[in-house]
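A.B. asks: What follows is the residue order along each chain.
2 protein chains.
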Amino acid sequence: MDPEETTVCPAEQPPRISAILETALYVADLDRAERFYRDVLALRQIGKDPDRHVFFRLGSGVLLLFRADRTRQAGTLPSHGADGEIHVCFLVSPADYEAWKRHIRGHEIAIQREVTWPQGRSFFFRDPDGNLLELADADIWPR
Amino acid sequence: MDPEETTVCPAEQPPRISAILETALYVADLDRAERFYRDVLALRQIGKDPDRHVFFRLGSGVLLLFRADRTRQAGTLPSHGADGEIHVCFLVSPADYEAWKRHIRGHEIAIQREVTWPQGRSFFFRDPDGNLLELADADIWPR
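Going line by line, the protein sequences match chains B and V. Counted from 1, the first sequence has number 101 at position 63 by our numbering; the numbering is strictly sequential. Counted from 1, the second sequence has number 148 at position 110 by our numbering; the numbering is strictly sequential.
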């Protein structure tokens, strides 16, 4: 074994990352996004800076909505921000799935597609900024 | 009570969304992103289409990495895609936090900032596409 190789080796395989804590989307109008995520998706709001962000709690995770024109300015935290239509999928109970479809349609939001997966069902729609949201009635992924 | 008002009411308040299932990032080079998330962050890979995406499992959630130039083309699923530097925060055990910092630095990745929150600690760094990643040693948000 070459001792020099050992020296320059990167650190050993790290322990596992256990979960995603924060998922971010970027929006142009925070008040409009707040109304949508709070009133239509019924998320529990946990923070707001009217010029920069609005935050929501979902189970063990957090959904962060930012104005990219603000977060791209370096501040206390390193800069970030994106333009476009980001995808995020939320989990609902199978017993609530049809009620969610009625609820989304009741707000005159188009359901763009519905898919039956081997492990469950999901449907796709858009937030007011065009981000592509999905509601799934099961964990449709390999464990 | 005005019966007409009742008629135009949107659907009743829906049941809660229970969790975020899928979090998406967009990358230019899937092979490079795969090496970073699989080999540096040690995530468990659960899918790959060499032209379109690579997927990873994290606890009860899934991290989806897409090439936006492909997902913007409407296909089986509605189009999505973003340009820029998206933020995502991952959770690690407090016992593993310092080992993670050493591990990231061992791969010659700069730690751009470290923050002590009321409920824990976190540090920030970038993936090869500039997405702003954070590793936190606790759920630093109100429940």
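Think of the hints as simulated: they come from the structure by calculation, not from any bench. Take these hints with a grain of salt, some might be off.
[As the list claims (entries may be wrong)] Pulled a few chain B residues facing chain V out of the computed Cβ check, cut under 8 Å:
hint, residue
1, Arg54
2, Ala66
3, Leu68
4, Pro88
5, His91
6, Gly99
7, Leu102
8, His125
9, Ala137
10, Ile149
11, Trp179
For glycine and all other residues, C-beta sits at the position ideal for the given N, C-alpha and C.
A.B. asks: It remains to establish, for every hint, whether it holds in the given structure.
C.D. replies: Taking the hints in turn, this is what the structure says about them:
no.	hint	in the structure
1	Arg54	6 Å, holds
2	Ala66	13 Å, violated
3	Leu68	16 Å, violated
4	Pro88	19 Å, violated
5	His91	11 Å, violated
6	Gly99	4 Å, holds
7	Leu102	7 Å, holds
8	His125	4 Å, holds
9	Ala137	6 Å, holds
10	Ile149	10 Å, violated
11	Trp179	5 Å, holds
Hint violations for this structure: numbers 2, 3, 4, 5 and 10, all remaining hints satisfied.
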